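Given chain A, work out where chain B should sit, using these hints.
If you want the building blocks of each chain, they are given just below.
There are 2 protein chains.
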Amino acid sequence: MDLWFTENHTNNVRFGVKIKQQLHSEKTEFQQIDVFETHEFGKMLTIDGIIMVTEKDEFVYHEMIVHVPMATNPNIKNVLVVGGGDGGTVRELTRYKTIEKIDMVEIDKTVVDVSKQFIQQTACMLDDERVTLFYQDGVKFMKKQQDKYDLIIIDSTDPIGPGEGLFTEDFYADCYKALKSNGIMINQSESPCYDKERRELIRANQKIKKIFPLVKVYQFYMTTYPSGYWLFGFNSKGIDPIANDNINNWDNLDLKTKYYNTDLHRASFMLPNYVKEMLAND
Amino acid sequence: MDLWFTENHTNNVRFGVKIKQQLHSEKTEFQQIDVFETHEFGKMLTIDGIIMVTEKDEFVYHEMIVHVPMATNPNIKNVLVVGGGDGGTVRELTRYKTIEKIDMVEIDKTVVDVSKQFIQQTACMLDDERVTLFYQDGVKFMKKQQDKYDLIIIDSTDPIGPGEGLFTEDFYADCYKALKSNGIMINQSESPCYDKERRELIRANQKIKKIFPLVKVYQFYMTTYPSGYWLFGFNSKGIDPIANDNINNWDNLDLKTKYYNTDLHRASFMLPNYVKEMLAND
Numbered sequence: 001m002d003l004w005f006t007e008n009h010t011n012n013v014r015f016g017v018k019i020k021q022q023l024h025s026e027k028t029e030f031q032q033i034d035v036f037e038t039h040e041f042g043k044m045l046t047i048d049g050i051i052m053v054t055e056k057d058e059f060v061y062h063e064m065i066v067h068v069p070m071a072t073n074p075n076i077k078n079v080l081v082v083g084g085g086d087g088g089t090v091r092e093l094t095r096y097k098t099i100e101k102i103d104m105v106e107i108d109k110t111v112v113d114v115s116k117q118f119i120q121q122t123a124c125m126l127d128d129e130r131v132t133l134f135y136q137d138g139v140k141f142m143k144k145q146q147d148k149y150d151l152i153i154i155d156s157t158d159p160i161g162p163g164e165g166l167f168t169e170d171f172y173a174d175c176y177k178a179l180k181s182n183g184i185m186i187n188q189s190e191s192p193c194y195d196k197e198r199r200e201l202i203r204a205n206q207k208i209k210k211i212f213p214l215v216k217v218y219q220f221y222m223t224t225y226p227s228g229y230w231l232f233g234f235n236s237k238g239i240d241p242i243a244n245d246n247i248n249n250w251d252n253l254d255l256k257t258k259y260y261n262t263d264l265h266r267a268s269f270m271l272p273n274y275v276k277e278m279l280a281n282d
Numbered sequence: 001m002d003l004w005f006t007e008n009h010t011n012n013v014r015f016g017v018k019i020k021q022q023l024h025s026e027k028t029e030f031q032q033i034d035v036f037e038t039h040e041f042g043k044m045l046t047i048d049g050i051i052m053v054t055e056k057d058e059f060v061y062h063e064m065i066v067h068v069p070m071a072t073n074p075n076i077k078n079v080l081v082v083g084g085g086d087g088g089t090v091r092e093l094t095r096y097k098t099i100e101k102i103d104m105v106e107i108d109k110t111v112v113d114v115s116k117q118f119i120q121q122t123a124c125m126l127d128d129e130r131v132t133l134f135y136q137d138g139v140k141f142m143k144k145q146q147d148k149y150d151l152i153i154i155d156s157t158d159p160i161g162p163g164e165g166l167f168t169e170d171f172y173a174d175c176y177k178a179l180k181s182n183g184i185m186i187n188q189s190e191s192p193c194y195d196k197e198r199r200e201l202i203r204a205n206q207k208i209k210k211i212f213p214l215v216k217v218y219q220f221y222m223t224t225y226p227s228g229y230w231l232f233g234f235n236s237k238g239i240d241p242i243a244n245d246n247i248n249n250w251d252n253l254d255l256k257t258k259y260y261n262t263d264l265h266r267a268s269f270m271l272p273n274y275v276k277e278m279l280a281n282d
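Chains A and B, in that order, are what the protein sequence lines are.
The first sequence begins at 1 in the numbering used here and counts up by one.
The second sequence begins at 1 in the numbering used here and counts up by one.
FYI, nobody ran anything at the bench for these hints, they're computed from the structure.
In this text the structure is predicted, and so the values were computed from the model without any measurement.
Treat the hints with care, since some could be wrong.
Identical copies go unnamed one by one, so any copy, or any two together, can satisfy a pair.
Said to hold, decoys possible - List time: in silico BS3-like cross-link candidates among lysine-lysine, alpha-carbon distance up to 27 Å: (1) Lys-207 <-> Lys-180; (2) Lys-276 <-> Lys-256; (3) Lys-148 <-> Lys-109; (4) Lys-216 <-> Lys-258; (5) Lys-209 <-> Lys-258.
Bound conformation, chain A alone (with noise of 0.2 Å):
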């Protein structure tokens, strides 16, 4: 059988994947889900036709996005996911002892629904005892807490269709009460590569540049995502991801990782000029 998902990267580029078989469709209020089992990248979900999660590399997305926030401040305990219904992020949270409360707002009930029955490579820790799922809009959610967490994690799909609210300076002024004195939001912050992604990228980071003091952006190579280059946001009430002697110890956690070392963490901040310039001129 010659069975292809192809999700187009832009007009002008596509992407193909060859599928074994296709095992869920499903349209929800929120989004289209589907869940293929490719030759590549093994099981695959995508929503709204376009790629979330594959096992084959949702490691890196998943590692950078919670070891590089963790090593940069050991003592985070109460942690909020925002999105992330795969399970991916609240896996790799879970690795770590010494974090008490892990909240997860998904906007998507079935979405984790789907992932438990699927991909349990990702949401093999969702049921963690220190894990509580909240099936909320995460604006909505957000409005609500105050000086409540060390880490929030905004685990979003793009800013089109439910994500959407999650790149407004409202939520991001939300979550900057949300957060603690010490504290840490971490936003998936799409590609410098593509003219869609780019426009996002420094729209979400000029927004964030007017509500937090620190604000950075690390890089990470993500096949399965449009060009492969993939950027998150790291934005902090001071704490700093590189000027930092914390992330020396992180080695003696003792947490094996197949992408993240302390030695990428400090190198994924250190970008191309021309993403350097984007972030810089508005």
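Okay, now just chain B, sitting in the frame of chain A:
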């Protein structure tokens, strides 16, 4: 018109680029050469159906293949480029006034001619007075060189077809012999993400380790190459690309770059754990 170029990154992954028009198509005794005008990437040169150069992202590849060794040793005066018929590597080299002589050995003159005709962005400096072009087999050329070059850049295609001989232990030994005592060899090193490139990455690395005392690998983002994540090898008779005070002086040269900077230079050697492990285990 809906005309698409498709490259199979693996048997199960493909990358499609929308074409405005095909500008050239020619079969030489060595390979199939095509030039396209694309919507997303500007002009694009393919060899045997594989994307070699696009106007949009070639700067990443050519800056990283040249400025990393040049910042490591600013006393480089005599350079050999093997392959690189598009001219992008030579273009970056000619920006250094301190370089006295650039030899380029390209097996297929047609690549140079076609690049000069259609892709001036990369071919623009091939007529620089310091440049000497040899249209010969790089393998044979190298056998005759001894203690001559400060820097050899192997800017090759994949190890299939005419590029194959540039991935052998004999060839690397000849490069070593052709280098002066402070010599550096940079080699196109494929990628760790997909099986085919990973195999070649590991094989080349193992071969080079038998010959060069200092063997490292560095990374960059390359949208139009398979997986978007690509590597070069940095190999030398002793000079280190990181523990090296010369790098700090590079900024004084006042060369404007779109990708390279000296922070990124050091950061590019900080590899993910899975890459370090695949290069450590033999």
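Here's how the hints hold up against the structure:
For the homomeric pair Lys-207 and Lys-180, the shortest alpha-carbon distance inside one copy (20 Å) is at most 27 Å, but the shortest distance between copies (53 Å) is not. For the identical chains of this complex, Lys-276 and Lys-256 are inter-copy neighbours only, at 14 Å across copies versus 31 Å inside a copy, given an alpha-carbon limit of 27 Å. Only within a single protomer do Lys-148 and Lys-109 lie at most 27 Å apart by alpha-carbon distance; the minimum there is 24 Å, versus 66 Å between protomers. Taking identical chains as interchangeable, the C-alpha atoms of Lys-216 and Lys-258 lie at most 27 Å apart whether they share a chain (24 Å) or sit on different chains (19 Å).
For a Cα distance limit of 27 Å, the shortest separation of Lys-209 from Lys-258 across copies, 24 Å, qualifies, whereas the shortest one inside one copy, 32 Å, does not.
Violated hints are absent here; each numbered hint is respected by the structure.
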